[in-house]
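Two chains, two frames, some hints: make the complex.
Letter by letter, the chains look like this.
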Amino acid sequence: MLLNAILLTIVAWLLALEYMNGHFGFSRPLVAATIVGALLGDVKTGIIIGSSLQLIFMGMTGIGAAVPPDAVIGSVIATAFSILANQSVEVSLSLAVPVAVASQALDIFARTATTGLMHVADKAAEEENYNKIELTHYLGALITFVRVAIIVFPAIYFGVEVVENLISAIPSSVLRGLEVAGGILPAVGFGMLLTMLDVKKLKPFYFIGFALATFGGFSLIGVTMLSCCIALLFDYFSKNQKPSDDTVDELDKLMNS
Amino acid sequence: MDAKITKKDLNRVVRRNIIFQLSWNFERMQALGYCYTILPILKKLYKNNPEGLKKAVQRNLEFFNTQPYMAAPILGITLPMEEKLATDGTIDPSTISAAKIAMMGPLAGVGDSLFWFTIFPICAGIGISLSEGGNILGPIAFLLLFNIFNLGTRYYGVVKGYELGTNFIGEITSGSVMQRISDAATILGLMVLGVMTATMVSVPLGFVIGKGDQAMSLQMILDGIMPNLIPLGITYLVYRLIKKGKSVTKILFGIIILSILGAMVGLF
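Protein chains in written order, with my numbering: chain P, 1 to 257; chain B, 1001 to 1268.
Hint data in this document are derived by calculation from the structure and do not stem from the laboratory.
Quick caveat, the model's predicted, so the values are computed rather than measured.
There's no promise every hint is true.
[Unchecked claim] A short, non-exhaustive set of chain B residues, derived as facing chain P with CB atoms under 7 Å: (1) 1021; (2) 1134; (3) 1164; (4) 1166; (5) 1169; (6) 1186; (7) 1255.
[Claimed, not checked] Some residues of chain B that are not near chain P, with every Cβ distance over 10 Å (derived): (8) 1207; (9) 1211; (10) 1219.
Note that the Cβ used here is the ideal one computed from N, Cα and C, for glycine as well.
Looking at chain B on its own, in the form it has when it is part of the complex (with noise of 0.2 Å):
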């Protein structure tokens, strides 16, 4: 198979990064924008092989959210590993998914302070303080400056990623090197799922035992045990229902039902 990824393929990703993320939502937040920002490439590179593109498909439609400029480098550096994969094969897939996980807490966190704390304010404050009385010139100047930033980090981290994520890739072959990097791509997913999952997943317990000066909330009483113990129960709870073959589906809407029901009895 020759598909190859061209420079035309990535401006494609470009282009299709700036709508990443239209259909944004609680549970899997950008997945589907990141499925649908690379499957034209996806569909190159599986030309002739229905099956390897639909799990590549189901794959890359797994939980994704980083800073939404930050995507463009992610994507960047694991298209040649899809690439990679499509050709011939030496990767694992699960360590195109760690190392998506282990790229996007990190740049999601380096992305808001630079950009939403930094060039953000920067950029607005010489486009108000060039708008008094009125003067359009403080629009013009906000979004001719805050611009530079932004299409730039989308068009360059699309790119030199690629070259990046290629050069790396092609310097190694055999398949040992390959489950090594693997399992240390896993470690790295790994930890900053947890870390994810302790800052991330939120349950705001206002449950209250008790009455005046005995009254004690049930948070506490939870925090006492250990901090953070319901996020973590919830998230391990729903890795083994899907584990042992539980529908997505459902347990989302269990969730859903069940916070509703909760705070009608007063519980959150």
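Just chain P, with the same shape it has in the complex (with noise of 0.2 Å):
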């Protein structure tokens, strides 16, 4: 059992990461249950889990800044479940879903404590130590690894009520704080791109583009429509713009206190 867990983490952990990276489809269900049929020698039972988990999971992928119950992980703990305790593909299925959704409250942390990671990039930028860089940025495969042997090893040594365990020892107000954090924090980009466009008289086109999708309910693909069309207007008047006399009104003035 102790060589079934070992060999299931490190075959979760680099599902995980295609997952993340590549996207070739090795850890979409179908193909990831196939191949942890293979490993355990039933590449069969593997198969037709996969094709059952990929319905299930279909309409599960990550879209923006969301994080979706983590499908990787509930697939290879449904089909090890299937081959090694002899489960019938009914009770893998239903093990599946909610070691998906642990799995995802552990991928919040794991993305949050990657944000740090970042922190030590701006400072090798700042020292000019770009190998640094490199080095961070390959760091983030060791916190993946942490957060998927975290679920995956106990619950195949242990048994997965061990993991559900786990998971609710935590208090349920630093979960919430966490996910309610992750989906405050891209502010923090947001507001590090607007130091960067940082240009006086534009500052109105981001009130635009936020009021349009408040209260226009407009997709970010009808805003770029627009945002191209009034690209081209201001670019319009802005050159056929009469030289006007240079003194500063008091409005002006104003405006720029």
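Structure representation (structure tokens):
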């Protein structure tokens, strides 16, 4: 069992990395379950579980900043249980979803922790140590390993209940708080971008974009279309503007204060 | 300076692009991956200019996020701009940032609907139907089909994007035209940023004032004033704090600690 637990932890780690990087499809339930099945000596069960899991998880894909239930870990656990513990396919499938949700909670931890790497990279850039920047990027894989190993190893070695107990031991307010922080943190990235695009006369366009999305229900593509038109018009009018007299009036003074 | 981006460099970008999201995080998402992917090219372009290299690296550590395959054309299109900035400095660095922002949002939308909602379900559907009864052909067919689109977009995105960017940049020589392009790109970038502030920053307030029938959630009250008021407020506050020179790390930990405290007192 120990050997299986180690083997499956490593496989789950590689698949989790593939899910975030490359996206060749190896980590999709259909293929992931097949791979686990092959490693445990029962490809056929793997494929059958995989195609059912694929249907269950079909709609759950990472879009934008949202973190979906972890189909990768769910698939590995479900297939392993079906083959190792001789569970029926149905029981294994019902195990997959709670494990996927538990793994998702840990993923939120991991993605928050990875934010720290970003700041190590900032410091490395300040020191002009560019190899360190590359190393920081690679370290993301290590965080993924920890997150996967915490769930997969005990689940295979001790059983799924142990994992569920482990997750419920974390105070729910801490989990909720991290989840909320995950929703707020993009604001830091956007705040930094605003300092990059800090052109005073163009500032209103930020609020136009915001208002179109908030009140007009515009999608990003819709706003992009509009902003292209606005940019062209802006260019036309500013090119054909007559040079005005240079005096600064009271309003200008107020606006620039 | 004659450092030029060669075909070999572009292939390297395609290869590095495969582990683009290794360091994905909530704050700046794919930023480190973006910097990592183009780092060899930046090093080459700024071979004799350590100060320029430092600035370029820092600039490319800014927030970036798009659909993973769609990063390829954005990388391709912005590389000629980096090349121009490094060789003759006639392009404003903020124009490159604005171009990145202006492209990442819309291309993410296109990429999500094209790959995740169209191509992926079709390929997976074919795979599932072939794998009936445990047939190995199913997973294999899925992998083959899907990766034609995956690898194709990754490779041609970078290579064709680079050609497109080079042709465009090559036409422009005068500084006044560059200024106009910079303004236009900034307008696009700011508007996309405004939309992303409204749609990607979320503060789910669960706090309820009053009891029984009179109960009103804080969220409802704030939505009555203006929806997305809090995301806008927080983003703008962060912007002001950074401008004042506050460290981003402090802001970050502040947000995490306040979020957990907020969850403990039942604000969220």
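Hint by hint, here is what the structure shows:
1. 1021: holds, 4 Å
2. 1134: This hint holds: residue 1134 of chain B lies near chain P, its Cβ roughly 4 Å from the closest one there, short of 7 Å.
3. 1164: violated, 16 Å
4. 1166: violated, 22 Å
5. 1169: It is violated, given that the least Cβ distance between residue 1169 of chain B and chain P is near 18 Å, above 7 Å.
6. 1186: Holds - the Cβ of residue 1186 of chain B comes within 7 Å of chain P, reaching about 5 Å at its closest.
7. 1255: With Cβ-Cβ at 5 Å, under 7 Å, it holds.
8. 1207: Since the minimum Cβ distance to chain P is about 12 Å, residue 1207 of chain B lies beyond 10 Å and the statement holds.
9. 1211: holds, 22 Å
10. 1219: holds, 13 Å
In summary, the numbered hints that this structure violates are 3, 4, 5.
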